[in-house]
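Trainee: Chains as they are written, first to last, in our numbering: chain A, 5 to 268; chain B, 23 to 252.
The set of hints was computed from the structure by calculation and includes no laboratory data. It should be emphasised that the depicted structure is a prediction, and the values quoted were computed from it without experimental measurement. Just to be clear, a hint being listed does not mean it is correct.
As the list claims (entries may be wrong) - Residues from chain A that keep clear of chain B, each with C-beta distances beyond 12 Å, as calculated: (1) Glu58; (2) Val72; (3) Glu204; (4) Ala209.
Stated by the list, open to error - Quick look at which bits of chain A chain B covers, simulated, 3 or more residues with Cβ under 8 Å: (5) 117-129; (6) 136-145; (7) 174-188.
Unchecked claim - So the derived label-pair ranges between C-beta atoms look like this: (8) Ala181(B) x Arg65(A): 50 to 58 Å; (9) Arg225(A) x Glu204(B): 35 to 43 Å; (10) Glu204(B) x Pro142(A): 25 to 33 Å; (11) Ala72(B) x Gly251(A): 49 to 57 Å; (12) Pro142(A) x Ala76(B): 42 to 50 Å; (13) Gly86(B) x Glu214(A): 36 to 44 Å.
We treat Cβ as the ideally placed atom computed from N, Cα and C, and that holds for glycine.
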Amino acid sequence: MSTEGAGGDRERRLTGRTAVVTGAGQGVGRGIALALAAAGANVVIAARRAETGEPVADEIRARGDEAVCIESDCTVRADVEACVAATVERYGGLEIMVHNAFKGGRAHKLEELDLDLWDENSRTAAWASYYCAQIAYPHLAAAGANGRLILITSPAGVEASVGIPAYGPVKAAQRALAKSLAKEWGPLGVTVNCIAPVAETPALAYAFDERPELKERVEQRTALGRIGDAEHDIGGVAVFLASNGGGYVTGQTVVCDGGSFMGL
Amino acid sequence: MGDSPDQLLSGRIVVVTGADQPYVRGLAAGLVGAGATVQAVAMDALGSRAAAEAAFAAVAAQHGPVAGVVHAAIDPIAYERVPMHEVDDARWDAVWEQTLRRALFVLQAGHTQMRAAGGAFVVVTPVVAMAGAAELAPYAAAMEGVRVLSKAAARQWGAVGIRVNCLATAPEHVPIGVASGELALSPPALGGPGDPEADLAPVAAWLLSDGAHFCTGLTLSVDGGVWMAP
Numbered sequence: 005m006s007t008e009g010a011g012g013d014r015e016r017r018l019t020g021r022t023a024v025v026t027g028a029g030q031g032v033g034r035g036i037a038l039a040l041a042a043a044g045a046n047v048v049i050a051a052r053r054a055e056t057g058e059p060v061a062d063e064i065r066a067r068g069d070e071a072v073c074i075e076s077d078c079t080v081r082a083d084v085e086a087c088v089a090a091t092v093e094r095y096g097g098l099e100i101m102v103h104n105a106f107k108g109g110r111a112h113k114l115e116e117l118d119l120d121l122w123d124e125n126s127r128t129a130a131w132a133s134y135y136c137a138q139i140a141y142p143h144l145a146a147a148g149a150n151g152r153l154i155l156i157t158s159p160a161g162v163e164a165s166v167g168i169p170a171y172g173p174v175k176a177a178q179r180a181l182a183k184s185l186a187k188e189w190g191p192l193g194v195t196v197n198c199i200a201p202v203a204e205t206p207a208l209a210y211a212f213d214e215r216p217e218l219k220e221r222v223e224q225r226t227a228l229g230r231i232g233d234a235e236h237d238i239g240g241v242a243v244f245l246a247s248n249g250g251g252y253v254t255g256q257t258v259v260c261d262g263g264s265f266m267g268l
Numbered sequence: 023m024g025d026s027p028d029q030l031l032s033g034r035i036v037v038v039t040g041a042d043q044p045y046v047r048g049l050a051a052g053l054v055g056a057g058a059t060v061q062a063v064a065m066d067a068l069g070s071r072a073a074a075e076a077a078f079a080a081v082a083a084q085h086g087p088v089a090g091v092v093h094a095a096i097d098p099i100a101y102e103r104v105p106m107h108e109v110d111d112a113r114w115d116a117v118w119e120q121t122l123r124r125a126l127f128v129l130q131a132g133h134t135q136m137r138a139a140g141g142a143f144v145v146v147t148p149v150v151a152m153a154g155a156a157e158l159a160p161y162a163a164a165m166e167g168v169r170v171l172s173k174a175a176a177r178q179w180g181a182v183g184i185r186v187n188c189l190a191t192a193p194e195h196v197p198i199g200v201a202s203g204e205l206a207l208s209p210p211a212l213g214g215p216g217d218p219e220a221d222l223a224p225v226a227a228w229l230l231s232d233g234a235h236f237c238t239g240l241t242l243s244v245d246g247g248v249w250m251a252p
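Please put together the full structure from these sequences, using the hints given.
Mentor: Printed below as a string of structure tokens:
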């Protein structure tokens, strides 16, 4: 991919800022990482497995942007602490924490939902949001008006989903966390927002495989008639929220799904 | 079924969780006033799916088929205001994890009892869940999680005649130190948070009744006119 084509918008709005993106080894996280790096940020690819994270860091560096992969399981407090500490040591600060990682989208019935599948949803969405928020907090506070916490949620966090009932609640929790922390951290200048994306990702492909009827429903319902691109369509929103231009937006969920869910 | 608007729930067995809290006692009293036979299930009976199933089955065995469930139980630790950077894992577990698990077990146990003949849930999710609140992030996250878990149940169980709706109450009913006036630029349109028995219970009774048979997945703000989104 040519440098010119990569990222499309390469306006360097985030030069000198550092971002951690969890789950950045693939999908939406990878797209956000590419976009933040293209905007000039130092990007830490926080991936549970280095073999997925390293290629993304390589891809970013091949474009002339800055990235490093740090192997880190966002459901383990010590891992998040180590990741943030290494980030700050390497780059001198942390302005932008993006929690995107998620695991648990297997189809199920609510009456049959067991605690193993519930725990995957709860640990990766809710517990990890708590860890990321809390552990990034002193650095976001130090960044003041440049401080950003961005949680990747879902339209299902508002309207729920019949096929994966455990998913909506944990995504809803992230929205309430964002609103609460927006109020709590507002006096510091730090903003806290959610992005609710729909993009072509391995997770969406998996969902379409599991529930073939879903693909047709998504395509029919999407006003723009296409599934989003993780870097250009979702990453661009993350760059905006992270930039100075997004500094007066807080406590919000930006639904970035091509005009499918319009319930806000 | 009672034809009188005051007896919407005549002859119906309604399980209420959280009735040790004063405002829930008021809600329960109002349901009794609407004709329901109310059976309280204590929060410590909701610690596992098996315990919740047993508690609900015991109500059915003793009183007859369960037709409605009002879920309001929550650990009082959830009401403590703590800045996010001072929350520890034990608190996050107690407020987020256990609140969601109890709601899941209540929904599952209620489904077991009501799947044959249908029924309705009313889940209490204070408006703070939708509004968010500083130093109450775990509480808001848990309540909003419960609210959308209720929607998921509504979507899945409509086909078997089980409805699930949420009652969004004013913050003053629980001791979290948030006033209705903080949640909107305008003051409460109807003047205050309302009396649980006189003002909230009639709405809960209606949501449980046949008149609401086409309503599921709703959140009704019964907060005196504060939270008006959407």
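Trainee: The structure should be examined with respect to each hint, and the outcome stated for every one.
Mentor: Tested hints:
1. Every beta carbon of chain B lies more than 12 Å from that of Glu58(A), the smallest distance being close to 30 Å; the non-interface claim holds.
2. The claim that Val72(A) lies off the interface holds: its Cβ sits roughly 26 Å from the closest Cβ of chain B, which is beyond the 12 Å cut-off.
3. For Glu204(A), the shortest C-beta to C-beta distance to chain B comes to about 25 Å, beyond the 12 Å cut-off, and the non-interface label holds.
4. Distance check for Ala209(A) against chain B: the nearest CB is about 23 Å away, which clears 12 Å, and the non-interface claim stands.
5. Counting residues of the stretch 117-129 of chain A whose C-beta sits closer than 8 Å to any C-beta of chain B gives 4, which meets the bar of three, so the coverage hint holds.
6. Counting residues of the stretch 136-145 of chain A whose C-beta sits closer than 8 Å to any C-beta of chain B gives 4, which meets the bar of three, so the coverage hint holds.
7. As drawn, the stretch 174-188 of chain A meets chain B at 15 residues by the rule of a beta-carbon pair under 8 Å; at three or more, the given contact holds.
8. Between Ala181(B) and Arg65(A) the beta carbons are some 52 Å apart, a value that agrees with the proposed interval 50 to 58 Å.
9. For the pair Arg225(A) and Glu204(B), the supplied restraint of 35 to 43 Å holds, since their beta-carbon distance comes to about 36 Å.
10. Separation of Glu204(B) from Pro142(A) is about 27 Å and conforms to the stated range, judged on CB atoms against 25 to 33 Å.
11. Checked against the hint of 49 to 57 Å, the pair Ala72(B) and Gly251(A) passes, with Cβ atoms roughly 50 Å apart.
12. Checking the proposed 42 to 50 Å range against Pro142(A) and Ala76(B) shows it holds: the Cβ atoms sit about 46 Å from each other.
13. Here the CB-CB span from Gly86(B) to Glu214(A) is close to 40 Å, well matched to the stated 36 to 44 Å.
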